[in-house]
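> Below, each chain spelled out in residue letters.
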Amino acid sequence: MTRTKLNVLCGSALLGGLSLLTVPAHADEATMEILEILRSKGDISQEKYEELKAKSEKADSEKVKITTKEKFAVKSADGNWEWGIGGRIMADYAIYDNDTDSSGMEVPGLSDGHELRRARLNMSGKFYDVWGMKLQVDFAGGAEIKDAYIDYSGFENFKVKVGNFKEPFSLEELTSSKYITFMQRSTPVNAFAPSRNLGIAGYTSFADQVTLSGGVFGDGIESGSGDDGTSYGVTGRVTFSPIHEAGRVVHLGAAVSQRNTNSNNTVRFRDRFETHVSGTRLVDTADLTNTDDVTRYGLEAAGVWDRLSLQGEYIMADVNRDNGFEDADFDGFYLTGSFFLTDDHRPYDFGPGDFDKVSPSTTVGKGGIGAWEVAARYSSLDLNDGALNGGKQDLLTVGLNWYATKNIRFMANYNQVLDLKGGAFDGAEPAAFQARAQVFW
Amino acid sequence: MTRTKLNVLCGSALLGGLSLLTVPAHADEATMEILEILRSKGDISQEKYEELKAKSEKADSEKVKITTKEKFAVKSADGNWEWGIGGRIMADYAIYDNDTDSSGMEVPGLSDGHELRRARLNMSGKFYDVWGMKLQVDFAGGAEIKDAYIDYSGFENFKVKVGNFKEPFSLEELTSSKYITFMQRSTPVNAFAPSRNLGIAGYTSFADQVTLSGGVFGDGIESGSGDDGTSYGVTGRVTFSPIHEAGRVVHLGAAVSQRNTNSNNTVRFRDRFETHVSGTRLVDTADLTNTDDVTRYGLEAAGVWDRLSLQGEYIMADVNRDNGFEDADFDGFYLTGSFFLTDDHRPYDFGPGDFDKVSPSTTVGKGGIGAWEVAARYSSLDLNDGALNGGKQDLLTVGLNWYATKNIRFMANYNQVLDLKGGAFDGAEPAAFQARAQVFW
Amino acid sequence: MTRTKLNVLCGSALLGGLSLLTVPAHADEATMEILEILRSKGDISQEKYEELKAKSEKADSEKVKITTKEKFAVKSADGNWEWGIGGRIMADYAIYDNDTDSSGMEVPGLSDGHELRRARLNMSGKFYDVWGMKLQVDFAGGAEIKDAYIDYSGFENFKVKVGNFKEPFSLEELTSSKYITFMQRSTPVNAFAPSRNLGIAGYTSFADQVTLSGGVFGDGIESGSGDDGTSYGVTGRVTFSPIHEAGRVVHLGAAVSQRNTNSNNTVRFRDRFETHVSGTRLVDTADLTNTDDVTRYGLEAAGVWDRLSLQGEYIMADVNRDNGFEDADFDGFYLTGSFFLTDDHRPYDFGPGDFDKVSPSTTVGKGGIGAWEVAARYSSLDLNDGALNGGKQDLLTVGLNWYATKNIRFMANYNQVLDLKGGAFDGAEPAAFQARAQVFW
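Protein chains in written order, with full-length UniProt numbering: chain A, 1 to 441; chain B, 1 to 441; chain C, 1 to 441.
It is worth saying that the hints were derived from the structure and are not from the lab.
Computed from a predicted structure; not experimentally measured.
Be careful, since some hints might not be right.
[Said to hold, decoys possible] With a cut-off of at most 30 Å between alpha-carbon atoms, the simulated DSSO-like pairs for lysine-lysine come out as follows: (1) B:K48 - A:K41; (2) A:K41 - C:K41; (3) B:K75 - A:K53; (4) C:K48 - B:K53; (5) A:K75 - B:K366; (6) C:K71 - A:K126; (7) C:K69 - B:K53.
[To be verified] Beta-carbon label-pair distances, calculated as ranges: (8) C:T362 - B:E50: 25 to 35 Å; (9) C:Q209 - B:D129: 17 to 27 Å; (10) C:S195 - B:E51: 54 to 64 Å; (11) A:Y414 - C:G324: 24 to 34 Å; (12) B:E50 - C:S195: 31 to 41 Å; (13) B:S40 - A:S61: 36 to 46 Å; (14) A:A54 - B:E50: 23 to 33 Å; (15) B:R268 - A:N323: 38 to 48 Å; (16) C:N157 - A:G367: 13 to 23 Å; (17) C:E57 - A:D208: 20 to 30 Å; (18) C:R248 - B:A54: 38 to 48 Å.
Even for Gly, the Cβ is constructed at its ideal location relative to N, Cα and C.
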């Protein structure tokens, strides 16, 4: 019986070792069996056997686990300490099809070109099992800090995070840029979602179905300035996911974020048309003055059915203005559908309530062809409200993703502005063809 | 006898392995004992036994030691090669209590806010036991190189360092920002101590009581410019520490630094009032023109008695001016007292002659409450001299430190300007409340 | 026979383990021998023996290999996954001997000084054996991305690379700054070679004698701008090396690079006089307007005979201009000779067709004196053509290199401008003495 149990333990440990490619937990299984043989033959006593077995197991338990497959990570044998060093590179190329606006003027700035879109390094750690930290820097344009936080998960089913990280708002915003379906997030998400700020937040979940998160955030990582101090916001999000297994996901979410405006009392919404090589923005409210605060509302829905996935969000921004200026309302939505041509699916991560990395069922370099995915997104962003004429843009993007391995993806997107009403380029309908080579680790 | 010796060896090795959480030095102790059993039973000859034992020990000695507890480090089995990758994050928040100066004007720029104070990554290495290097970059405001040096310790009791690192001047300046008692160093230290420059220095010590260090330094890491070349300085420091054990430290030190001024022949002394979120400086000499050189003198004293520690420094700067301008003298001092509410103490590091990280006697996340420390500091900086009216500032700071683990600390400081004589804000007495979340690894 | 084979295998594995200082592949050789003894005594059956032996070997094969000697690298046991984290520091100091030009004016900007010339960190990885990536950032002046690419070597004898990396042009340019003989590359190489750009390239080789490489490249890593898009270039290189063993190398190479000019239709050639602390450039074409494209031609030759090495290149740049402007031709060459005073030689790397790091035969810190090398270089750069008066500079550099260890080098260079014809400083012949402390890992 002891023997059987031992074998079962060793078997599962070896499997774990194999799948993670770590230093195996039971490297000296042979030694253990030798001990058993010696005992059965009476060469060593039962006591001696137990003692040596314990020593051998202890030696095993002290070994550090090193992950080399797909990422570099080191973990103490007891799991209390962990270190990871990772990064990402995204190299983009874009060609633009210019278009004249209603006045016959060509949209400026749409020149073909290329860029390193993101080039990041990060280090993360776990301390005494319950403390964590992450520091991540993007070098694509100088050095810009992204994640920089400490977290504590020692409470029952509750995690606290302090530092610089994403406010809990918008499914697409919270999904890592490594895992999003298209080269850029949709215009309404880029225009409205608060993204990373310095603050403190809490996270919890219930019944493996509901997650709740919320926090208080400043407005950046630089020193405060201005007599009225910097702006602060309060953001909360709830998600409901009754199903989240491989190839079967239902996700619903809602979030709200209230933020007083900065010391200049201005706020601005704008975005590029889902392409980044060109800096041209077709829709832009410019600085709205005499604003008091902004409330953002977001609704999320997503589902995965085998190779098919659907995802959509609606976001509204209520701008509260004073000194006799009328309040303003802007909104937008997007709807994305994606389908894998290969036997693959989009994976969902219940804890943070966002999408995770695709694990191709076959791999280029191991005899496979990787995962192939086609996708389409319709997005609409309305920055017109009364006399405010930021422009309303409807945009269609179609894309092809080739996940050569879990870490390496090649992407091609074609963006077509379907309709542009108002704003500085009323009537223009430019298009973009763009491609990306991406690696993360 | 061999057996006993073996056990002793194994025992200590295992202890070492446990405390460092590395790959244990004698993972196959069981194998060794099996060999001994086989020998004692005559299954293998004494020669065979010795041979296999030697092989097993050799295999052990080739193992790489990996530290995962508190930091990530990798060391070759012979100790000749070492690699470490570390970093720190400090996120600050500050609230200001403005105050009017003697003319009734409110001090400008004291707006509440937050910032990432420091966000650094570093890599260090050891080569053939005697060579070392370190490269450290701070990303809190773009990318700024901090330590970047090569050192050699192959001489008898003498180390040489070349590259960018701190000039040996001031106990508080030399103590890492990870380990200082308050959120900011004291004003006289920030105003006068030379900190990091590109240069070469030597380090030695005597009788485990005295350290000597000195070097020649340029004035930064950027290319030289200006017709007269860049400024150079010579700095030396001596420390005397007859006692430096856990909970018992006596430290005395003196340093001098002579530096010719830059090609513009200007020099400037100034500092914030021990808070960094606001950039406002109450004392500031502005650029002193027609300066020839500056000589800085520093005196240091510190002591630790169990939970109590005291630390103070006096620094003077002699500015030598020509073209008929009168020489100028500025000075300042600070006195810090700190007391641990828990059973902890400040550790001292004799080699560099500075304070080291606190190791809390209990840890949050392991059933403990961490280390709790209260502290107060009185600092005075006098930038008035004759007609020069930079201002004289007296400042009191009180602080509370919570060391949740060795790596994670939360800090709260309250700063009150007690007296401000002269300078641009004569008579103003603003205050600050500030808090920090800090992790290093 | 099995026994002998096993010993041979183990022997070589142990040797591998020793030389690389990794976790040895056969740590439990003793266990294997114990198994054999138990079998030979009949304590275990042949089947049991085979089973346990297989388990032990499997456990070994799952071990991760860690390199700590000279660099930090981690490799999966099957060699499919690899991670490396490296960097370099170069700290320079320079003194200038000014000189008056033909009009009696002193050359400006030649002030003595120092700088961190390079301070880089990089991370590289291998995925499923055939995919690779590298991300490298230089922090010497803010943060600047150097290498940032993905490569694939799954084709038969063919590698593809996409991202930011060096165009295949010029032996000296392709040789890493860690391994070049002098502190700066020669003026014609700096003035003409395209260096790193965002693009895609292919690499192959034949008969261990010939390498071919070529690619298409944009002009940097930032977003495109300008109505006509950014400039693009096509570059190809062939090398022929019939001999490349330790201490015996023959290398011949030729490269061509055609590039249309940027949207401003300007191009500029210039360089410092092989010293970087001062930014002064004695030769400079200034912006050539109305240019259409530039074609660069390069010829390379190098040889190593024991301690002696010779290396030379000739580069020409043909500027094609329109709107009635005459085409322009510029060219330059250099010739380097180096000789080791110790029993060392320059190593060559056939695959990329460039020079590699020197491995000193003795090491400082291990009882040796390191490798000592003297070198001289004559370089000539002609930026005069017809009415274009960029200047023609002849320069002699002599150098002394002390390779204390494989990773650490100290360098001293003396540069003397022999002749300067034309340009802004006609007739000036300044000199520089400069020294560097360098470490890479």
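> With reference to the structure, classify each hint as holding or not holding.
Hint by hint, here is what the structure shows:
1. B:K48 - A:K41: With Cα atoms ~22 Å apart, B:K48 and A:K41 stay inside 30 Å; holds.
2. A:K41 - C:K41: OK: A:K41 and C:K41 at ~12 Å, within 30 Å.
3. B:K75 - A:K53: It holds: about 28 Å lies between the C-alpha atoms, which stays within 30 Å.
4. C:K48 - B:K53: 24 Å, holds
5. A:K75 - B:K366: Holds, at roughly 18 Å.
6. C:K71 - A:K126: Cα-Cα ~25 Å, so holds.
7. C:K69 - B:K53: With a Cα-Cα distance of about 26 Å, the restraint between C:K69 and B:K53 holds, given a limit of 30 Å.
8. C:T362 - B:E50: 25 to 35 Å: Given range 25 to 35 Å: holds, Cβ gap about 34 Å.
9. C:Q209 - B:D129: 17 to 27 Å: About 42 Å separates the Cβ atoms of C:Q209 and B:D129, which means 17 to 27 Å is violated.
10. C:S195 - B:E51: 54 to 64 Å: 57 Å, holds
11. A:Y414 - C:G324: 24 to 34 Å: 41 Å, violated
12. B:E50 - C:S195: 31 to 41 Å: 59 Å, violated
13. B:S40 - A:S61: 36 to 46 Å: 28 Å, violated
14. A:A54 - B:E50: 23 to 33 Å: 27 Å, holds
15. B:R268 - A:N323: 38 to 48 Å: 42 Å, holds
16. C:N157 - A:G367: 13 to 23 Å: 19 Å, holds
17. C:E57 - A:D208: 20 to 30 Å: Between C:E57 and A:D208, where Cβ atoms are some 42 Å apart, the hint is violated.
18. C:R248 - B:A54: 38 to 48 Å: 40 Å, holds
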